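With the UniProt record's numbering applied, the sequence shown corresponds to residues 1 to 91, in that order.
Rather than coming from a laboratory, the hints here were simulated on the basis of the structure. Treat the numbers as computed from the prediction; the structure is a model and nothing was measured. C-beta: ideal position from N, C-alpha, C; glycine also. Keep in mind that a hint or two might mislead.
[Stated by the list, open to error] Each computed DSS-like pair below joins lysine-lysine, with the alpha-carbon atoms no more than 25 Å apart:
| no. | residue 1 | residue 2 |
| --- | --- | --- |
| 1 | K79 | K54 |
| 2 | K83 | K54 |
| 3 | K36 | K54 |
| 4 | K13 | K79 |
[To be verified] Restraint ranges, calculated between C-beta atoms of paired labels, are given here:
| no. | residue 1 | residue 2 | range |
| --- | --- | --- | --- |
| 5 | P84 | P41 | 32 to 42 Å |
| 6 | D87 | N26 | 49 to 59 Å |
| 7 | A43 | T86 | 31 to 41 Å |
| 8 | E32 | P84 | 43 to 53 Å |
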Amino acid sequence: MNGLSEKVRNNNKARQVRLRIFLLENGIESRELARKRGLSPGAMGDVLSGRRPKREHIEWLIAQGIPGDLLPEPAVPQKRGPKPRTDHPAL
């Protein structure tokens with residue numbers, strides 16, 4: 001995750017409560033979602049809570065009928081590559 005605002009947005013307790021209510025009212029179990037997606041129940045819990053909100057998981061959950069406003073914002077992919085080189089002046 002990148003920055004405090006993203007952490008706060010993804011850990012919003014009110015959003016998580018609304019999500020749990022939606023799942024209960026619609027008879028959707030996170031264990032079943034995990035099985036269908038090929039994740040462990042713990043990993044699905046991480047996705048739903050916002051600790052590991054990968055874009056492909058969030059899009060899949062929306063396709064399953066879960067409203068996007070109840071799900072955490074997908075994580076912004078981090079650019080991978082070599083660390084920037086720092087030139088130190090000779091002492």
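Hint check results:
Of the pairs offered as hints, the one joining K79 and K54 holds, with about 15 Å between alpha carbons and a cut-off of 25 Å not exceeded. Note on K83 and K54: the hinted pairing holds, with a Cα-Cα distance of about 23 Å set against a maximum of 25 Å. Restraint check for K36 and K54: the C-alpha separation of about 16 Å stays at or below 25 Å, so the hint holds. Of the supplied pair hints, the one linking K13 and K79 is violated, its CA atoms being roughly 29 Å apart against a limit of 25 Å.
A hinted range of 32 to 42 Å holds for the C-beta pair P84 and P41, which are about 39 Å apart. Between D87 and N26 the CB atoms are about 58 Å apart, so this pair conforms to the stated range of 49 to 59 Å. Taken as a hint, the range 31 to 41 Å holds for the pair A43 and T86, whose Cβ atoms sit roughly 36 Å apart. Between E32 and P84 the Cβ separation comes to about 45 Å, which falls inside the hinted range of 43 to 53 Å.
Violated hints amount to a single one, hint 4; each of the other numbered hints is respected by the structure.
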